[in-house]
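**Student:** Each chain, letter by letter, is given below.
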Amino acid sequence: DTGVSQNPRHKITKRGQNVTFRCDPISEHNRLYWYRQTLGQGPEFLTYFQNEAQLEKSRLLSDRFSAERPKGSFSTLEIQRTEQGDSAMYLCASSSAGTGYQPQHFGDGTRLSIL
Amino acid sequence: AQSVTQPDIHITVSEGASLELRCNYSYGATPYLFWYVQSPGQGLQLLLKYFSGDTLVQGIKGFEAEFKRSQSSFNLRKPSVHWSDAAEYFCAVGVRNFGNEKLTFGTGTRLTIIP
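In order, the protein sequence lines correspond to chains A and B.
Here our numbering is used: the first residue of the first sequence is 1, the next is one more, and so on.
Here our numbering is used: the first residue of the second sequence is 1, the next is one more, and so on.
Honestly, the hints are just simulated from the structure, not real lab data.
A virtual CB, placed ideally from N, CA and C, is assigned to each residue, including glycine.
One should not assume that every hint holds.
Partner residues aside, some chain A positions facing chain B, computed with beta carbon under 10 Å [what the hints assert, rightly or not]:
1) Gln41
2) Leu61
3) Gly100
4) Gly109
Anything over 10 Å on all C-beta distances counts as not near chain B; from chain A, calculated [to be verified]:
5) Gly16
6) Phe21
7) Glu44
8) Gln80
9) Arg111
Between the sequences and the hints, there should be enough to build the whole structure, so can you do that?
**Tutor:** Put into structure tokens, the structure is as follows:
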């Protein structure tokens, strides 16, 4: 169990540029979540994958955001035409499927700064 | 919809003193409740969870929490804090919806330890 891995740890970009983040979940976990955390706030749910299927998207996820999990393993989150308001920490979490509620394990996040 | 309130934005305690962090939730059914801890620039680490059964749950690092249904509370406690406990603490409620077990977080409580 090597934990959830996120890359890059930090990303600085100019407004209007596109950015892509990667998340590698714990290998046997088939559920994957993306959250966004702004300064002074708790994480907010963005989207959920079960295997390769994206099953829920929050209203926070505007048309400029897209997430994929092509083979049910790693996931990417892309933001197009970045805006100042996109500056945040983007957290990925994974969990296993089971009969009971399964706790989520979080990565260290990608901090996005928009200049 | 579910929600979590952490009424204390910032708490300062002396090393060796006891600690209680407050959490109130709003949810129609029996909730899945969690406490996570976040060090600066890091992801979230699960401290403890409550699903059902004994209302006093033990977690890692000497933390415990008590679920009180009548008060809709899930307060976190530690009898004697250590300088390494300084961090941000988040209470969260989990909701299951067709396999999506997304978390709703409170705004967090920042804990400062003074020597």
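**Student:** Run every hint past the structure and note whether it holds.
**Tutor:** So, going through the hints one by one against the coordinates:
no.	hint	result
1	Gln41	holds, 6 Å
2	Leu61	violated, 13 Å
3	Gly100	holds, 7 Å
4	Gly109	holds, 5 Å
5	Gly16	holds, 26 Å
6	Phe21	holds, 13 Å
7	Glu44	violated, 7 Å
8	Gln80	holds, 24 Å
9	Arg111	violated, 7 Å
Of the numbered hints listed earlier, those contradicted by the structure are 2, 7 and 9.
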